[in-house]
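**Student:** What follows is each chain in one-letter form.
Number of protein chains: 2
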Amino acid sequence: MAATERLVIVGGDAAGMSAASQARRLRKPDELAITAFERSHFTSYSACGIPYWVGGRVEGPNALIARTAEEHHARDIDLRMRTEVTELDLDRGRVRTRELDNGGRESWTGFDKLVLATGARPRRPSLPGIDAPGVHGVQTLDDGQALLDTLAASPGRRAVVVGAGYIGVEMAEALVLRGYQVTVLERNGQPMSTLDPDMGALVHEAMCRMGIETVLGATVTGVLTDDGGTSLLERSRELGGGRVRAVTTEDAEYPADVVVLGLGVRPETTLAAAAGLPLGESGGLLTDLAMRVRGHDHIWAGGDCVEVLDLVSGHTRHIALGTHANKHGQIIGTNVGGGYATFPGVVGTAVSKVCDLEIARTGLLERQAHAAGLRFVTVTVEATSRAGYYPGASPMHVKMLAERRTGRLLGVQIVGREGAGKRVDIAAVALTAGMTVEQMTALDLGYAPPFSPVWDPVLVAARKATGAVRAAGS
Amino acid sequence: MAATERLVIVGGDAAGMSAASQARRLRKPDELAITAFERSHFTSYSACGIPYWVGGRVEGPNALIARTAEEHHARDIDLRMRTEVTELDLDRGRVRTRELDNGGRESWTGFDKLVLATGARPRRPSLPGIDAPGVHGVQTLDDGQALLDTLAASPGRRAVVVGAGYIGVEMAEALVLRGYQVTVLERNGQPMSTLDPDMGALVHEAMCRMGIETVLGATVTGVLTDDGGTSLLERSRELGGGRVRAVTTEDAEYPADVVVLGLGVRPETTLAAAAGLPLGESGGLLTDLAMRVRGHDHIWAGGDCVEVLDLVSGHTRHIALGTHANKHGQIIGTNVGGGYATFPGVVGTAVSKVCDLEIARTGLLERQAHAAGLRFVTVTVEATSRAGYYPGASPMHVKMLAERRTGRLLGVQIVGREGAGKRVDIAAVALTAGMTVEQMTALDLGYAPPFSPVWDPVLVAARKATGAVRAAGS
Numbered sequence: 001m002a003a004t005e006r007l008v009i010v011g012g013d014a015a016g017m018s019a020a021s022q023a024r025r026l027r028k029p030d031e032l033a034i035t036a037f038e039r040s041h042f043t044s045y046s047a048c049g050i051p052y053w054v055g056g057r058v059e060g061p062n063a064l065i066a067r068t069a070e071e072h073h074a075r076d077i078d079l080r081m082r083t084e085v086t087e088l089d090l091d092r093g094r095v096r097t098r099e100l101d102n103g104g105r106e107s108w109t110g111f112d113k114l115v116l117a118t119g120a121r122p123r124r125p126s127l128p129g130i131d132a133p134g135v136h137g138v139q140t141l142d143d144g145q146a147l148l149d150t151l152a153a154s155p156g157r158r159a160v161v162v163g164a165g166y167i168g169v170e171m172a173e174a175l176v177l178r179g180y181q182v183t184v185l186e187r188n189g190q191p192m193s194t195l196d197p198d199m200g201a202l203v204h205e206a207m208c209r210m211g212i213e214t215v216l217g218a219t220v221t222g223v224l225t226d227d228g229g230t231s232l233l234e235r236s237r238e239l240g241g242g243r244v245r246a247v248t249t250e251d252a253e254y255p256a257d258v259v260v261l262g263l264g265v266r267p268e269t270t271l272a273a274a275a276g277l278p279l280g281e282s283g284g285l286l287t288d289l290a291m292r293v294r295g296h297d298h299i300w301a302g303g304d305c306v307e308v309l310d311l312v313s314g315h316t317r318h319i320a321l322g323t324h325a326n327k328h329g330q331i332i333g334t335n336v337g338g339g340y341a342t343f344p345g346v347v348g349t350a351v352s353k354v355c356d357l358e359i360a361r362t363g364l365l366e367r368q369a370h371a372a373g374l375r376f377v378t379v380t381v382e383a384t385s386r387a388g389y390y391p392g393a394s395p396m397h398v399k400m401l402a403e404r405r406t407g408r409l410l411g412v413q414i415v416g417r418e419g420a421g422k423r424v425d426i427a428a429v430a431l432t433a434g435m436t437v438e439q440m441t442a443l444d445l446g447y448a449p450p451f452s453p454v455w456d457p458v459l460v461a462a463r464k465a466t467g468a469v470r471a472a473g474s
Numbered sequence: 001m002a003a004t005e006r007l008v009i010v011g012g013d014a015a016g017m018s019a020a021s022q023a024r025r026l027r028k029p030d031e032l033a034i035t036a037f038e039r040s041h042f043t044s045y046s047a048c049g050i051p052y053w054v055g056g057r058v059e060g061p062n063a064l065i066a067r068t069a070e071e072h073h074a075r076d077i078d079l080r081m082r083t084e085v086t087e088l089d090l091d092r093g094r095v096r097t098r099e100l101d102n103g104g105r106e107s108w109t110g111f112d113k114l115v116l117a118t119g120a121r122p123r124r125p126s127l128p129g130i131d132a133p134g135v136h137g138v139q140t141l142d143d144g145q146a147l148l149d150t151l152a153a154s155p156g157r158r159a160v161v162v163g164a165g166y167i168g169v170e171m172a173e174a175l176v177l178r179g180y181q182v183t184v185l186e187r188n189g190q191p192m193s194t195l196d197p198d199m200g201a202l203v204h205e206a207m208c209r210m211g212i213e214t215v216l217g218a219t220v221t222g223v224l225t226d227d228g229g230t231s232l233l234e235r236s237r238e239l240g241g242g243r244v245r246a247v248t249t250e251d252a253e254y255p256a257d258v259v260v261l262g263l264g265v266r267p268e269t270t271l272a273a274a275a276g277l278p279l280g281e282s283g284g285l286l287t288d289l290a291m292r293v294r295g296h297d298h299i300w301a302g303g304d305c306v307e308v309l310d311l312v313s314g315h316t317r318h319i320a321l322g323t324h325a326n327k328h329g330q331i332i333g334t335n336v337g338g339g340y341a342t343f344p345g346v347v348g349t350a351v352s353k354v355c356d357l358e359i360a361r362t363g364l365l366e367r368q369a370h371a372a373g374l375r376f377v378t379v380t381v382e383a384t385s386r387a388g389y390y391p392g393a394s395p396m397h398v399k400m401l402a403e404r405r406t407g408r409l410l411g412v413q414i415v416g417r418e419g420a421g422k423r424v425d426i427a428a429v430a431l432t433a434g435m436t437v438e439q440m441t442a443l444d445l446g447y448a449p450p451f452s453p454v455w456d457p458v459l460v461a462a463r464k465a466t467g468a469v470r471a472a473g474s
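Chains H and S, in that order, are what the protein sequence lines are.
Here the first sequence is numbered in full-length UniProt numbering, starting from 1 and rising by one per residue.
Here the second sequence is numbered in full-length UniProt numbering, starting from 1 and rising by one per residue.
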């Protein structure tokens with residue numbers, strides 16, 4: 001009988017545990033032993049669900065857990081919780097671990113195959129007071145629980161969210177739902193820098209109407225803390241520092257009972273870097289199409305710790321999204337298990353909402369298209385989600401980029417209400433297929449008055465873009 | 001100066017008037033004179049909106065009119081309402097017309113270019129009593145107004161809808177909203193014969209839960225009328241016949257105060273047939289890619305009176321849909337106006353709803369795939385519209401057909417609640433692009449918990465279909 005192969009997985013969330021599950025489907029325990037290490041208290045959870053848990057729309061944290069540690073154990077996956085991998089020893093094929101709840105006991109575990117799924121960590125600028133109690137990132141369920149603990153203990157109802165990207169606007173909504181008066185501080189000239197500024201401006205207007213104060217061009221300089229105050233004295237002593245009181249920018253001071261950092265994330269590749277594995281410009285691991293770390297036949301990586309190929313620009317990019325992490329895990333598990341699967345890349349689709357505003361994009365923004373060396377035209381249209389006469393028809397703005405001369409679709413951004421967000425999928429598939437905007441005008445999309453006007457908003461944009469491509473000539 | 005060219009358009013609804021408008025955009029009145037004939041009281045309207053008007057969700061008929069006759073006149077389009085074209089004289093380049101409100105005055109109008117946009121007519125079986133007062137088709141705004149008049153005068157609240165296709169189920173919803181007790185009589189074994197029977201069965205179950213009695217395998221044999229009854233005596237004398245009282249099938253009798261025929265439509269090509277123009281198997285006009293009637297350089301046809309190329313099966317089919325009619329009109333107007341545009345064909349997308357149930361399909365059904373000579377696998381999955389933990393997540397069933405050996409996507413059917421219908425667009429674009437189900441598994445679709453699970457339901461189906469293709473081998 002062949003020796004049992006040893007698979008070690010670093011990181012027990014979406015990518016890592018999808019890989020574990022898929023590998024176990026394909027290989028029995030006597031063929032493949034699977035050991036996974038997770039340093040937090042939770043496994044296989046939806047980090048994307050944290051804003052809705054914080055907002056009280058979702059029962060957490062259990063509802064966010066797709067599969068518990070016990071369920072993994074029952075499937076012969078040796079998942080070790082609260083165990084941090086502290087070193088990758090690639091030469092000897094082993095990882096060093098530390099048990100966080102067991103006096104920091106260290107040990108080594110050998111592997112034949114290794115999967116790195118170490119995720120991402122929130123950007124946390126080095127500013128005075130940034131580590132004060134009451135200042136929270138929201139990357140893990142542990143983070144979510146800590147924030148909820150702060151909210152429960154919070155004496156006031158003023159929240160400052162730093163950053164108006166996806167996480168920032170979703171957390172703004174969550175805090176509004178919790179009854180907080182929310183101020184969002186954004187360094188750029190518009191919220192949602194994942195959109196072009198003209199589309200970001202639509203988000204800004206809508207946030208204002210929702211009563212979310214959004215301060216643009218605001219550079220945060222620090223966090224002020226309150227070391228006094230009778231009721232908080234014990235807590236601040238216990239935590240060894242003053243509790244958050246306000247956030248300062250170059251121009252002003254914003255009182256805050258709680259601060260949420262929504263500055264995005266960067267790949268957590270400290271271990272990989274120390275082991276000399278190849279990293280891209282953003283610090284994410286670089287892989288081949290089978291999700292193997294480049295140059296390493298027995299090491300795979302997936303999820304928020306890798307860079308992915310952007311099929312439109314041809315560059316690799318870091319995009320932290322649960323849907324990619326799940327796909328990566330599935331593909332890694334298939335390959336580790338002896339099957340064959342590849343991840344061709346992404347087109348940069350993302351969708352989000354803030355209250356009833358839906359925000360979506362796919363493909364390239366103007367600045368990304370410029371950076372990729374593309375010449376292009378842009379159009380923006382306003383159209384309705386349903387037939388104009390049908391109840392609930394709501395306006396949406398669709399912006400479309402198309403390559404000059406060829407008319408190839410390069411990107412779409414949508415801002416609107418119900419029915420706006422998922423319309424981006426039409427463009428995501430068209431981008432993947434390399435369609436021109438003229439080809440898109442003939443797309444046979446679902447039409448009935450409750451679902452769409454006779455010309456779907458995406459088709460209206462495609463028609464206008466077709467005209468713009470012609471007018472621009474070669 | 002060149003002589004003014006004369007364009008004559010037969011039929012003043014979506015296809016005809018879109019063509020007129022687009023041609024006018026491209027050519028001035030002294031270059032191109034446009035005359036359009038419409039026999040009904042309404043022009044440029046959304047026939048698809050009639051069920052919502054009847055159901056009271058839409059103010060009609062005016063809300064359903066995209067552009068009035070006066071608006072067309074103001075743009076130098078000579079639209080003649082209530083004027084029926086009775087003959088096409090292709091040899092002499094003229095059409096004979098009859099003014100329906102002017103004593104039936106007849107005249108001839110010459111053309112250099114002709115557009116046929118004569119639409120479709122409801123199927124109306126030859127059965128005893130089928131023309132009785134109270135029995136209605138719902139193809140035109142005139143039909144909708146007549147039905148509403150009947151409802152207003154109706155002494156009871158029992159409605160029978162004959163046919164459980166798109167029109168049938170939409171009218172069933174409308175009559176439920178009007179407070180009617182609705183019985184739907186369907187000849188086939190399931191409602192929605194535009195779906196496979198297993199998916200139709202899901203619609204049947206849902207309709208039952210809505211309180212819509214749906215009798216399957218019911219062959220209608222006639223309509224019983226009531227010539228007596230004091231209150232109706234005068235009305236029935238005036239109309240020269242008895243008013244509807246019940247619908248009979250081979251097995252039973254269903255009392256009805258109003259009857260709606262939802263048996264679908266067939267192309268209205270009587271004039272075209274008489275003029276010897278080429279018709280397909282369904283009786284629709286056959287055109288080339290520029291929407292010219294085959295073999296006739298100066299005659300175009302579009303909308304519900306033509307057959308369109310089904311890009312998946314390679315056959316031409318008759319599909320009456322406002323979205324196609326608008327595209328056809330746009331393309332015809334461009335070509336008539338001296339530009340260049342083509343209609344490549346359709347993939348058979350349709351979406352509908354009955355109350356809160358959304359029903360969608362694209363591509364081929366099983367029986368259509370068989371008829372096209374294709375060998376294929378099918379899978380069905382149940383998944384949720386949003387992350388399972390997010391409020392409002394609702395289950396949807398997705399059925400997918402893929403070609404054996406190649407794995408090429410052949411068709412998708414979806415039945416679910418909110419968010420189910422327009423998901424079919426993902427598959428519509430993938431079909432147009434000729435994607436395989438395995439390629440689809442990597443699609444970068446919009447993901448966030450309020451919009452989708454990490455694996456969009458369409459991707460879940462694509463994954464299962466990929467497995468089925470592999471398992472089926474070659």
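Any given hint could be a false lead.
To be verified - Below, a sample of chain H positions facing chain S; criterion: calculated Cβ distance under 7 Å:
| hint | residue |
| --- | --- |
| 1 | C48 |
| 2 | Y52 |
| 3 | I65 |
| 4 | A69 |
| 5 | L148 |
Unchecked claim - The following residues of chain S were derived to be distant from chain H, with all beta-carbon distances above 12 Å:
| hint | residue |
| --- | --- |
| 6 | E5 |
| 7 | W53 |
| 8 | A69 |
| 9 | G156 |
| 10 | D288 |
| 11 | H315 |
| 12 | Q330 |
| 13 | F343 |
| 14 | G446 |
Keep in mind that the hints were calculated from the coordinates and are not lab data.
All C-beta atoms, glycine included, are put in the ideal place defined by N, C-alpha and C.
**Student:** Could you run down the list of hints and mark each one as holding or not?
**Tutor:** Structure-based check of all given hints:
Taken as an interface hint, C48 of chain H checks out: its beta carbon lies about 5 Å from the nearest beta carbon of chain S, inside 7 Å. Restraint check, Y52 of chain H versus chain S: the minimum CB separation of about 6 Å is within 7 Å; hint holds. With 7 Å as the threshold, the beta carbon of I65 of chain H stays out of range of chain S, its nearest partner Cβ sitting at about 9 Å, so the hint is violated. Here the hint on A69 of chain H is broken, as its CB sits about 18 Å from the closest CB of chain S, past 7 Å.
A distance limit of 7 Å between C-beta atoms decides the matter here; for L148 of chain H the minimum to chain S is near 16 Å, and the interface restraint is violated. Non-interface status of E5 of chain S relative to chain H is upheld: no Cβ of that chain comes within 12 Å, the nearest being about 24 Å off. Against chain H, the non-interface label of W53 of chain S is violated: not every CB pair exceeds 12 Å, the least being about 9 Å. No Cβ of chain H approaches the Cβ of A69 of chain S within 12 Å, the least distance being about 18 Å, so the stated non-interface status holds.
In this structure G156 of chain S is separated from chain H by more than 12 Å, as the shortest Cβ-Cβ distance comes to about 28 Å. Non-interface call for D288 of chain S relative to chain H: holds, since the shortest CB-CB distance, roughly 15 Å, exceeds 12 Å. The beta carbon of H315 of chain S is kept farther than 12 Å from every beta carbon of chain H, the shortest such distance being approximately 15 Å. For Q330 of chain S, the non-interface assignment is contradicted: its Cβ lies about 8 Å from the closest Cβ of chain H, within the 12 Å cut-off.
The claim that F343 of chain S is not at the interface with chain H is violated, since a C-beta of that chain comes within 12 Å of its own (minimum 6 Å). Residue-level check failed: G446 of chain S sits 3 Å from the nearest beta carbon of chain H, not beyond 12 Å.
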